[in-house]
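Engineer: Given next are the chains, with one letter for each unit.
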Amino acid sequence: MKTFRQLFGSPGAAVGLLVLVIVIGGAIIAPFVAPYDWNGTGVCRRLAAPSAAHWFGCDLFGRDVFSRVLYGGRYSLAMGLSTVAISTSFGGLFGVIIAYTKGWTDRLGSRGIDIMLGFPPILLAILLIAIFGVGLLNAALAVGLASIPRFARVIRGATLSLTTLDYVEAAQAMGARHLRVVWRHLLPNLAPTIIVLATLDLGNAVLFTATLSFLGLGAQPPTPEWGTMLNAGRDYIRYAPWTMIFPGLALFLTVMAVNLVGDRLSRILDPRRRAR
Amino acid sequence: MRVRRLLRPFAGLIPTLLLTWTLVFGALQLVPGDPVELMLANSQASEQAVAATRTKLGLDRPVWLQYVTFLGHAVTGDFGNSFRTREPVTKMIGDQLPATLWLSAGGLLFGLIFGTLLGVVAGLRPDGWIDTSIMTIALAGVSMPGFWVAMLLIQIFATSLGWLPVLGSGPTALILPSISVGLFLVGGLARLVRSSLIEVLGQDYVRTARAKGLPEARVVIKHALRNAAIPPLSLLGVQFALLIGGAVVTETVFARPGIGAMLVTAVLEKDYPLVQGIAVWTTAACVLVNLLIDLLYTILDPRARLV
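Which chain is which? The protein sequence lines are A and B, in order. Residue 1 is where the first sequence starts when you use this note's numbering, and the numbers rise one by one after that. Residue 1001 is where the second sequence starts when you use this note's numbering, and the numbers rise one by one after that.
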């Protein structure tokens, strides 16, 4: 609760939380508040400019851009969250295991992480999509897998510094099973690091999956995903800039909001940064 | 002694390249579908023709032999011909490489100049209003989708104002794409330079330099900045990887030639020799850049030499 109050203490994070509430809320109640069907073609003139009836204008197929942007939040947030879930759980597990077992597993594991970190994440994700095939879920999976090394490295570092602490050694000396030491003593203390890391990465993940959709490797039309919408709007920048301005703005504001909250959260939860 | 220290990073080079290339090979082994059928997809090839092509490409040989051949090709840079254009992959990459290099160099230059500048200005007066505004801008910079920024730049500076060209090969046509690639670096770098500078300015040797009565500009430039440059520098390797991501997106939006745009097309068209070639070349470039940064790090930071 204290953390929550501290979060609101910074104007940036408060604004970020507000934006997130609006985006998430909008995505959830989209079917009730969206003025038009997201895939309803011909509800207005093709590429019509924003007006009172169509706040964000209309796209090439005469679909209401506002309704589509509203629904788009569902895809971006769901893709971002599932991506982070994959990278946090697998990266975290790998990091904890190699740091806890120490010795050659750690040496081999960290060398592997270093090598994977040298890969440009986008290249890794694109290669994975070459294997899985193009699509919304595959893109999320690819981004999630491509982010595992980054998570593994941070969690490994955090675990390593925890294992030298007295209470972990004491638990081990008392003959606690490894699983119990990890579950009862390591994980609760790793939680703040994991939360900060996941929040800071959520913005990245949303951006990354939208980028893949924009490149045509993720969500496919007519899905109202923001990256896909931007890709469709690309050819009409000159005649109908609203088809790309609004989905982009929604994407930007969502990511900015997540980053503002993540930034604040990392200051609150990370004792080293709190001092400064 | 010193030479040996400088040579040490090279020792890791071969295992690293071997592992990355093994991953690339393994990844493409997992791709569903028969490459020969993909290759002959548009022609009415007879069974004999399919078998002949398979033998020609060495796909009828055992996997380990294909792996060894692949490594040989990776070292010599020969990846056969593209499924689509039938041109040698190496030639295709070579044709597109200069465009991508120019774009990355432009983006890096833009990112370094503005990232450092903003970081230093913010770091000199932490927690003031200038610092707060710069850090908000930096956060916005990393939150903006690169492809959206690129489209906005085109809309504002090329379409509406008509100041800068979007197409063409002249240096002015490089300005907008460079900004779009570099903008992502600005945010990250500014934050890093700032925190690094704040930390260095609190050190004893800075206090000593100030106590000696040195002018503040000299303290900052000679004593603080050189030390503050080390953490951002060590992260330049990661930044380079981001630069490649930026190139993929920017080339697509600006319809510029380049490796990034070619990679996306190759994946969409299932042109696997080309995908393989680009992956091997890009990872090799990343490994080399990281190596260079390691070396630079050793030269710049005397403390790293002692370890």
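A portion of the hints provided could be inaccurate.
Below, in silico cross-link-like pairs of lysine to any residue (SDA-like), each with a Cα-Cα straight-line distance of 20 Å or less [said to hold, decoys possible]: (1) K1091(B) <-> L1071(B); (2) K1270(B) <-> G135(A); (3) K1270(B) <-> S110(A); (4) K1270(B) <-> R234(A); (5) K1270(B) <-> A30(A); (6) K1222(B) <-> L1296(B); (7) K1270(B) <-> P188(A); (8) K1270(B) <-> V21(A); (9) K1270(B) <-> A48(A); (10) K1270(B) <-> A49(A); (11) K1270(B) <-> L128(A); (12) K1270(B) <-> V1075(B); (13) K1270(B) <-> I237(A).
Hints were generated in silico from the structure; no laboratory data involved.
Engineer: Now tell me if each hint is right for this structure.
Structural biologist: Evaluated hints:
no.	hint	in the structure
1	K1091(B) <-> L1071(B)	holds (19 Å)
2	K1270(B) <-> G135(A)	holds (15 Å)
3	K1270(B) <-> S110(A)	violated (33 Å)
4	K1270(B) <-> R234(A)	violated (24 Å)
5	K1270(B) <-> A30(A)	violated (37 Å)
6	K1222(B) <-> L1296(B)	holds (18 Å)
7	K1270(B) <-> P188(A)	violated (45 Å)
8	K1270(B) <-> V21(A)	violated (41 Å)
9	K1270(B) <-> A48(A)	violated (37 Å)
10	K1270(B) <-> A49(A)	violated (38 Å)
11	K1270(B) <-> L128(A)	holds (13 Å)
12	K1270(B) <-> V1075(B)	violated (23 Å)
13	K1270(B) <-> I237(A)	violated (29 Å)
Going down the numbered hints, you'll see the structure goes against 3, 4, 5, 7, 8, 9, 10, 12, 13, while the others check out.
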